[in-house]
Structure formats: C-alpha cells, structure tokens
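Following the hints, position chain B against chain A.
There are 2 protein chains.
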Amino acid sequence: MFDHADDEPVLVLSEDESWRLLENTQHGRLVTVVAGRADIFPVNHAVQERTLVLRTAPGTKLAEMAVNEEVLFESDGILSDQAWSVVLRGHAQRLETDKEREAVQSLGLRSWVPTLKENYVRITPTHISGRHFRFGLQPERELGEGSETG
Amino acid sequence: MFDHADDEPVLVLSEDESWRLLENTQHGRLVTVVAGRADIFPVNHAVQERTLVLRTAPGTKLAEMAVNEEVLFESDGILSDQAWSVVLRGHAQRLETDKEREAVQSLGLRSWVPTLKENYVRITPTHISGRHFRFGLQPERELGEGSETG
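In order, the protein sequence lines correspond to chains A and B. Under our numbering, the residues of the first sequence are numbered 1 to 150, in order. Under our numbering, the residues of the second sequence are numbered 1 to 150, in order.
In case anyone wonders, no lab produced these hints; they're calculated from the structure. A portion of the hints provided could be inaccurate.
As the list claims (entries may be wrong) - Using C-beta positions, here's what the derived DEER-type ranges look like:
| no. | chain 1 | residue 1 | chain 2 | residue 2 | range |
| --- | --- | --- | --- | --- | --- |
| 1 | A | L116 | B | D98 | 49 to 59 Å |
| 2 | A | M1 | B | V67 | 18 to 28 Å |
| 3 | B | T51 | A | H27 | 33 to 43 Å |
| 4 | B | R101 | A | E49 | 21 to 31 Å |
| 5 | A | F2 | B | A35 | 44 to 54 Å |
| 6 | A | R94 | B | D98 | 49 to 59 Å |
| 7 | A | P58 | B | S80 | 40 to 50 Å |
| 8 | A | E8 | B | E8 | 44 to 54 Å |
| 9 | B | D98 | A | D3 | 35 to 45 Å |
| 10 | A | L116 | B | Q82 | 18 to 28 Å |
| 11 | B | T51 | A | R101 | 39 to 49 Å |
| 12 | A | D16 | B | R101 | 38 to 48 Å |
| 13 | A | A5 | B | E118 | 24 to 34 Å |
Said to hold, decoys possible - Looking from chain A toward chain B, a few residues come up when the C-beta cut is under 10 Å (computed):
| no. | residue |
| --- | --- |
| 14 | R20 |
| 15 | N24 |
| 16 | Q26 |
| 17 | A38 |
| 18 | D39 |
| 19 | I40 |
| 20 | P42 |
| 21 | A63 |
| 22 | A66 |
| 23 | N68 |
| 24 | E74 |
| 25 | W84 |
| 26 | W112 |
| 27 | F135 |
As the list claims (entries may be wrong) - These stretches of chain B come out as covered by chain A in the derived footprint (C-beta under 8 Å, 3 or more residues):
| no. | segment |
| --- | --- |
| 28 | 23-31 |
| 29 | 69-76 |
| 30 | 81-88 |
| 31 | 107-117 |
No residue lacks a Cβ here, since even glycine has one placed at the ideal position from N, Cα and C.
If we strip away everything but chain A, and leave its shape as in the complex, we get:
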C-alpha cells in the first residue's frame, strides 16, 4: 500500500487510503479549540459512511464541542522504521435522537471512561489528509550539514 516513489521518505496518501487507515484503527485523538485554547483527548472511533463516530462520557470535550464544533481528529500507527498519520478536520455534532443513536450502535464503540448514558458524536469531515513516513532515509549529521547529496 505504501509505495514511495523514488525512495521519497514522505508519501502523501489519497483520501481513499486515509479512510482505509481510519477504518482499520480504533483510537485516535480529538482536538477542540475554545477561545483560542486547544485541548486534546484520546478517543475511540469508528468510521460510518465517511463520517467519524465517537462515543464519550459527559465532560470537557462534549462541552467544548458544543461551544466550537470545528474539531480535528488524528490517528497514527508507528513502527520503528515507518509510520502513518491521518488528520481529519470537520464539524462535530452530538447525536441527540434515538434514531440517530440507533444508527451507530452497531459500531460497537466504547468510551474510554465507562458511561451508561450513550453520548455519541459524529464528525462530518471538511478535509482529510494522510501521510506515510519511512524513517530509514534519515540523513546522518555526519554527512555534513548542507550536503544535498546525503
């Protein structure tokens, strides 16, 4: 899947590839911004028809998403020699009706904090981007700073 042209260390992923990575992972981080101040929360996620669904206990992140629905979500996978990262920007919306919640219950999402009340949030993306990194090609400092051939 990660076919770097000409040994380039960074591969820009397509939207399809980015979604596939999110579909095959279960956790990431949600970033909210209120009054210019960011917060970040680890979350479980699932993908449903190219939207992202989260489940969460009541608390800061639900409150902050109510104030500013523009959020970021990041997920990554990191090995010793390679890594990928996908960043999704979108609008967060709490699922309020039984019908909305029923539509996501089959996803089997769990909250990081146990909660009986099912607080689901759907992030409708405005932008998704992904990159794959190969670490093996890191130039060594010993090659000399400013060398273009390292």
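Below, chain B alone, put in the same frame as chain A:
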C-alpha cells in the same frame, strides 16, 4: 504503577508518573493554534530536565509555533484492556544557538521527515497531566440505562 483505588476505571497520574511515561516513549503529537485554528503533527520527542525536546524539518509547525508559542503535546499508550495518556501544555521555543543545539544532540532525536538542518524545539511546560484508563469495567448497555449500580 497503575494502582486504581476501589476499581475506579480512571486513575489520575501524578506529575512524576506523567514524566516517567513521557521519558519512556519516543513519539507523540504536537498541537499548534493560529487564529483559533488548530493543527496537529506527529513528532518524536525526548525529555530533558522536565522539558520536552522535539526535532523537526522546516515547515508548517515551525512557522505556527513562531506565531503562537503556546502549544499542546500528547502522548499515549493503548492496549486492548488499558491505556494511558499524558498531555503537556507549554511554551515552544526554537533552539537558535549552537550551544543550545549541542545541549540536546545527545538525545538522539530524529525528525519524522529527513532533514540535514537540525531544527530543535524545546517545550517548557506550564502544566502536565496524565491519566490511566482501565477498559474492563465498561458498563454494558444491557444493564439498563440510568442504573446506578451497573
């Protein structure tokens, strides 16, 4: 290390515990905010005297940290039954002088994107917090919504 009192699912970590987790991990995510808009970047990190050191290629995150030095950093470790997350808030400062850069070269940091020029950033924390989660105690929906005993 993670001794949850009374089977509580969430354990608030001390500053010492939070630093120890950051010392024993190599990667996390940097969040910058410019004009109310957040960005997030995967990064390698090292801890030096209770500051966080990053190495990065020139690009968006260096530019954004120059505009707003207030940043967030998050690192986590996630298993099927438990997870931890540490969030550090602080001021980012690019290391400009040879003396400053020499002080961090022994950390062996690598950038995610190969770079011959050594761009190091030090984050001096204003706040660090950590939590450990146990997933085993998730109440089941079948117990009945609103039950306080589940």
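Verification of the hints:
no.: 1; hint: A:L116 <-> B:D98: 49 to 59 Å; verdict: 58 Å, holds
no.: 2; hint: A:M1 <-> B:V67: 18 to 28 Å; verdict: 35 Å, violated
no.: 3; hint: B:T51 <-> A:H27: 33 to 43 Å; verdict: 28 Å, violated
no.: 4; hint: B:R101 <-> A:E49: 21 to 31 Å; verdict: 48 Å, violated
no.: 5; hint: A:F2 <-> B:A35: 44 to 54 Å; verdict: 34 Å, violated
no.: 6; hint: A:R94 <-> B:D98: 49 to 59 Å; verdict: 52 Å, holds
no.: 7; hint: A:P58 <-> B:S80: 40 to 50 Å; verdict: 25 Å, violated
no.: 8; hint: A:E8 <-> B:E8: 44 to 54 Å; verdict: 48 Å, holds
no.: 9; hint: B:D98 <-> A:D3: 35 to 45 Å; verdict: 40 Å, holds
no.: 10; hint: A:L116 <-> B:Q82: 18 to 28 Å; verdict: 21 Å, holds
no.: 11; hint: B:T51 <-> A:R101: 39 to 49 Å; verdict: 44 Å, holds
no.: 12; hint: A:D16 <-> B:R101: 38 to 48 Å; verdict: 41 Å, holds
no.: 13; hint: A:A5 <-> B:E118: 24 to 34 Å; verdict: 27 Å, holds
no.: 14; hint: R20; verdict: 18 Å, violated
no.: 15; hint: N24; verdict: 15 Å, violated
no.: 16; hint: Q26; verdict: 9 Å, holds
no.: 17; hint: A38; verdict: 5 Å, holds
no.: 18; hint: D39; verdict: 7 Å, holds
no.: 19; hint: I40; verdict: 5 Å, holds
no.: 20; hint: P42; verdict: 4 Å, holds
no.: 21; hint: A63; verdict: 17 Å, violated
no.: 22; hint: A66; verdict: 16 Å, violated
no.: 23; hint: N68; verdict: 8 Å, holds
no.: 24; hint: E74; verdict: 5 Å, holds
no.: 25; hint: W84; verdict: 9 Å, holds
no.: 26; hint: W112; verdict: 5 Å, holds
no.: 27; hint: F135; verdict: 7 Å, holds
no.: 28; hint: 23-31; verdict: holds (count 3)
no.: 29; hint: 69-76; verdict: holds (count 4)
no.: 30; hint: 81-88; verdict: holds (count 3)
no.: 31; hint: 107-117; verdict: holds (count 8)
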